[in-house]
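Asker: I would like the entire structure built from these sequences, with the hints used as guidance.
Chains as they are written, first to last, in our numbering: chain Z, 3 to 304; chain G, 11 to 273.
Treat the hints with caution; some may be incorrect.
Stated by the list, open to error - Derived Cβ-Cβ restraints for the label pairs, each shown as a range:
#1 V270/G with D232/Z: 49 to 59 Å
#2 P42/Z with I93/G: 27 to 37 Å
#3 F238/Z with D161/G: 21 to 31 Å
#4 P42/Z with D161/G: 34 to 44 Å
#5 T176/Z with R114/G: 22 to 32 Å
#6 P237/Z with D89/G: 39 to 49 Å
#7 D185/Z with P87/G: 31 to 41 Å
#8 E141/Z with I93/G: 18 to 28 Å
#9 F139/Z with G32/G: 32 to 42 Å
#10 P224/Z with L119/G: 35 to 45 Å
#11 L272/G with D232/Z: 54 to 64 Å
#12 G41/G with P237/Z: 51 to 61 Å
#13 Q253/G with D185/Z: 48 to 58 Å
#14 D161/G with G53/Z: 30 to 40 Å
Calculated directly from the structure, the hints in this document are not laboratory data.
Glycine is no exception: its CB is placed at the ideal position from the N, C-alpha and C atoms.
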Amino acid sequence: MSEQHEAMEGYNFAYLDEQTKRMIRRAILKAVAIPGYQVPFGGREMPLPYGWGTGGIQITAAVIGHDDVLKVIDQGADDTTNAVNIRRFFSRTAGMATTTKTVAASIIQTRHRIPEQPLREDQVLVYQVPIPEPLRFMEPREVETRKMHALREYGVMHVKLYEDIARFGHIATTYSYPVLVNDRYVMSPSPIPKFDNPKMDMMPALQLFGAGREKRIYAIPPYTKVKSLDFDDYPFEVQQWEENCALCGADNSYLDEVVLDDEGNRMFVCSDSDYCEERRALGEHGGFTGEQPDLEEQNHVA
Amino acid sequence: MSPELDQSQPLLTVNGLSHYYGSQLGCSNVGFDLYPGEVLGIVGESGSGKSTLLKCLSAVLPPSEGEVIYRDRTGLPHDIYQISESARRMLRRTDWGVVEQNPRDGLRLGVSAGANIGERMMAVGARHYGGIRSEAESWLDKVEIDLGRIDDLPTTFSGGMQQRLQIARNLVTRPRLIFMDEPTGGLDVSVQARLLDLLRGLVAELGLSVIIVTHDLAVARLLSHRLMVMQRGQVVESGLTDQVLDDPQHPYTQLLVSSVLLP
Numbered sequence: 003m004s005e006q007h008e009a010m011e012g013y014n015f016a017y018l019d020e021q022t023k024r025m026i027r028r029a030i031l032k033a034v035a036i037p038g039y040q041v042p043f044g045g046r047e048m049p050l051p052y053g054w055g056t057g058g059i060q061i062t063a064a065v066i067g068h069d070d071v072l073k074v075i076d077q078g079a080d081d082t083t084n085a086v087n088i089r090r091f092f093s094r095t096a097g098m099a100t101t102t103k104t105v106a107a108s109i110i111q112t113r114h115r116i117p118e119q120p121l122r123e124d125q126v127l128v129y130q131v132p133i134p135e136p137l138r139f140m141e142p143r144e145v146e147t148r149k150m151h152a153l154r155e156y157g158v159m160h161v162k163l164y165e166d167i168a169r170f171g172h173i174a175t176t177y178s179y180p181v182l183v184n185d186r187y188v189m190s191p192s193p194i195p196k197f198d199n200p201k202m203d204m205m206p207a208l209q210l211f212g213a214g215r216e217k218r219i220y221a222i223p224p225y226t227k228v229k230s231l232d233f234d235d236y237p238f239e240v241q242q243w244e245e246n247c248a249l250c251g252a253d254n255s256y257l258d259e260v261v262l263d264d265e266g267n268r269m270f271v272c273s274d275s276d277y278c279e280e281r282r283a284l285g286e287h288g289g290f291t292g293e294q295p296d297l298e299e300q301n302h303v304a
Numbered sequence: 011m012s013p014e015l016d017q018s019q020p021l022l023t024v025n026g027l028s029h030y031y032g033s034q035l036g037c038s039n040v041g042f043d044l045y046p047g048e049v050l051g052i053v054g055e056s057g058s059g060k061s062t063l064l065k066c067l068s069a070v071l072p073p074s075e076g077e078v079i080y081r082d083r084t085g086l087p088h089d090i091y092q093i094s095e096s097a098r099r100m101l102r103r104t105d106w107g108v109v110e111q112n113p114r115d116g117l118r119l120g121v122s123a124g125a126n127i128g129e130r131m132m133a134v135g136a137r138h139y140g141g142i143r144s145e146a147e148s149w150l151d152k153v154e155i156d157l158g159r160i161d162d163l164p165t166t167f168s169g170g171m172q173q174r175l176q177i178a179r180n181l182v183t184r185p186r187l188i189f190m191d192e193p194t195g196g197l198d199v200s201v202q203a204r205l206l207d208l209l210r211g212l213v214a215e216l217g218l219s220v221i222i223v224t225h226d227l228a229v230a231r232l233l234s235h236r237l238m239v240m241q242r243g244q245v246v247e248s249g250l251t252d253q254v255l256d257d258p259q260h261p262y263t264q265l266l267v268s269s270v271l272l273p
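Answerer: This is how it looks when you write it as structure tokens:
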């Protein structure tokens, strides 16, 4: 399914120079050795703005090789601006083979989702991270948050969850839900929905996190324990929907709400576009009877 | 206070404590013993080294010279600047409490009163929401804050309520030693009187040891058993509170006592 491209002249393979890649690889090795620990690295300027995946793109550039097949998703979809541009960036600068199929990819760069299809040991998941510090909203001082990580003082994380229950009656944090990695470091999983948190636990694939503006890299090695923080009497739980996917009928995937018209009609569809397409190719279908909406339109709502 | 603790052993022993800010003297050669259940007042004018001394004692500011020895619940002595930083911070969260002059420094203003009280419990491992909440309620009750305010932000509280909330937040882990820096500063007299009354009650009920820094001699007389008078970084006089205030020996103490305005 993958497409092969010709690299452009005048760029080093995958844009970054080799010394920069070595520096990033060293940071990645350290991050893998200390699961959940934020390793500072010399983040470079990339030809896209901060907040669009400069951290993820640098990690991908540092780990990608000629044999890799790259998939890029943004909120689960392969065909949004961010995903298309990053895929094209690596096609041009590295002549990379790219794909939209989760099963065919060896490197998946993601913004805000984990694919529904379980990942394998030979795959790498690269997250784009806007704010790597989970303690930031409770403690603004960087010196203090580093000390809190070093001394494992994570009481304030529960203060935030307490506050949620006191105000809303349940833990109202729905994305970027803090996790404890390998029983040691509290980590921000990047703004993935908490629906995806259980997928991180004991995942066979290597998970790498890159924050370009904050210049931090962290990682979860394969088969590492990842626990979402909670209270004994308010255990962690994920979102539920009353609907199934309107296109493929899936009842176990993360759904996006798509507004159809001005009369308040709406439908729920899988946010993971590849998963939805695969299921439809196998003959599954949901309850949507109207005209098939343009896929691009769906994903903009996502 | 644990029953097995030997009451005749000092809780805190301070020897030859000095601190210099560069060549500037903060406090010099301070030494004293503090026993369980005792309230020690430190008085003196602004710039006399009271707050520097309190910071050195409460493990915030490492002194230039001298040692601070704390006896833990099992009776073992620890030099607080020799133990590991994590043990020191643990001590500050569990065995000790610090009540700041400005409640904004001692409270977490972005979260509710209940979360402020619960924070220390969660920091030492409490993970049951219902348990944390009922404990927070019982402490709000003890410091005379309406239970209906448990989910309100401290920024919506009056100055006196903020100060009482700060006290509740500190006492929730049953500390043995409380440091207070001008706890009644900035409060009007009637609020101040209620706070002092509350503090006196809690100290007696819980058997707390307290080191209280104040420039208000009336507060010192009401709360403290013993008094240390500081001038230019030195302790110039110390003794029982009534004795120091009624029969001051040092010229500076005499000046201080005679300077108090009577209404």
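Asker: Look at each hint and say if it fits the structure.
Answerer: Do the hints match the structure? See the list:
1. In this structure, V270/G and D232/Z meet the distance hint of 49 to 59 Å, their C-beta atoms being roughly 55 Å apart.
2. Separated by about 29 Å at the C-beta atoms, P42/Z and I93/G satisfy the suggested range of 27 to 37 Å.
3. Distance hint check for F238/Z and D161/G: the Cβ-Cβ separation is about 22 Å, which falls inside the suggested range of 21 to 31 Å.
4. Hint check: P42/Z to D161/G, Cβ distance near 38 Å, so the stated range 34 to 44 Å holds.
5. Range check, T176/Z to R114/G: Cβ separation about 31 Å, and the 22 to 32 Å hint holds.
6. Judged by the Cβ atoms, the range 39 to 49 Å given for P237/Z and D89/G holds: they are separated by roughly 43 Å.
7. D185/Z and P87/G have their C-beta atoms about 33 Å apart, which keeps the hinted 31 to 41 Å range intact.
8. A C-beta distance of roughly 23 Å is found between E141/Z and I93/G, which places it inside the suggested range of 18 to 28 Å.
9. About 37 Å separates the C-beta atoms of F139/Z and G32/G, a value consistent with the hinted range of 32 to 42 Å.
10. Between P224/Z and L119/G the beta carbons are some 42 Å apart, a value that agrees with the proposed interval 35 to 45 Å.
11. In this structure the hint that L272/G and D232/Z lie 54 to 64 Å apart at CB holds, the actual value being about 59 Å.
12. G41/G and P237/Z have their C-beta atoms about 53 Å apart, which keeps the hinted 51 to 61 Å range intact.
13. Separated by about 56 Å at the C-beta atoms, Q253/G and D185/Z satisfy the suggested range of 48 to 58 Å.
14. Checked against the hint of 30 to 40 Å, the C-beta distance between D161/G and G53/Z comes to roughly 34 Å, which is consistent with it.
The structure meets every hint from the earlier list without exception.
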